[in-house]
Amino acid sequence: MRLLFLLRRNRFDRVFVLHRAWQFNLLVALAGIPHRIGFARGNDRHLLTHPVPVVSSRNEREAYLDLLRTLNIPAVYERTFYYLSNEEKKFLDRFCRQNRIRPQTRVIGIAPGGGNNVKNSMPSRRWPASYFIELIRRIHQELPAKVVLFGGPDDRDVVERILKDCPEGLGAVD
1 MRLLFLLRRN
11 RFDRVFVLHR
21 AWQFNLLVAL
31 AGIPHRIGFA
41 RGNDRHLLTH
51 PVPVVSSRNE
61 REAYLDLLRT
71 LNIPAVYERT
81 FYYLSNEEKK
91 FLDRFCRQNR
101 IRPQTRVIGI
111 APGGGNNVKN
121 SMPSRRWPAS
131 YFIELIRRIH
141 QELPAKVVLF
151 GGPDDRDVVE
161 RILKDCPEGL
171 GAVD
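Each residue of the sequence shown is one higher than the last, beginning at 1 in the numbering used here.
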């Protein structure tokens with residue numbers, strides 16, 4: 001309720017609802033924000049003034065940019081840049097040297113962990129390790145590429161399980 005009153009007090013004139021849960025669409029509608037742009041799903045689309053259809057085959061990045069495009073705001077994706085700290089650059093150089101990855105080598109990254117966020121743990125959303133093993137093997141059969149498995153400390157077990165049965169992959173877990 002506090003958030004609702006805060007939104008009302010600030011009298012925002014436009015909101016982009018990036019979350020896909022219907023409760024956020026309800027919140028901004030109850031807050032009386034006149035222009036509500038978000039993803040159209042089910043009955044909660046009526047809570048938005050500018051519902052944007054969800055296209056399941058569309059890239060997430062493009063889906064978010066569609067929210068801008070619906071208001072005729074030019075939104076062109078050109079390229080994503082990742083800036084690495086000196087420590088990260090040293091790790092990357094060492095990792096590439098140890099795994100014989102040259103600058104021209106195609107690298108495909110896979111993050112097999114997941115299913116966790118700040119408030120929820122949903123391991124049922126995670127693919128089984130056997131699926132990742134099959135995926136890595138198919139990539140190796142069809143593409144000249146190195147496959148690197150990424151993840152944080154919570155993902156170490158699943159990455160090690162995959163690498164045990166699939167030595168074609170490379171592990172890069174914190």
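Calculated from the structure, these hints are not laboratory results. Don't take each hint at face value.
Calculated pairs, DSSO-like style, for lysine-lysine (alpha carbon to alpha carbon, straight line, at most 30 Å) [stated by the list, open to error]:
| no. | residue 1 | residue 2 |
| --- | --- | --- |
| 1 | Lys89 | Lys146 |
| 2 | Lys146 | Lys164 |
| 3 | Lys164 | Lys90 |
| 4 | Lys90 | Lys146 |
| 5 | Lys164 | Lys89 |
For each hint, the structure was consulted:
1. Straight-line distance between C-alpha atoms of Lys89 and Lys146 comes to about 19 Å, which keeps the hinted pair within the 30 Å bound.
2. At roughly 16 Å between alpha-carbon atoms, Lys146 and Lys164 fall within 30 Å of each other, so this suggested pair holds.
3. Among the hinted pairs, Lys164 with Lys90 is consistent with the structure: their alpha-carbon atoms are about 26 Å apart, no more than 30 Å.
4. Taking the CA atoms of Lys90 and Lys146, the gap is about 20 Å. The hint holds against a cut of 30 Å.
5. Among the hinted pairs, Lys164 with Lys89 is consistent with the structure: their alpha-carbon atoms are about 27 Å apart, no more than 30 Å.
Checked against the numbered hints above, the structure violates none of them.
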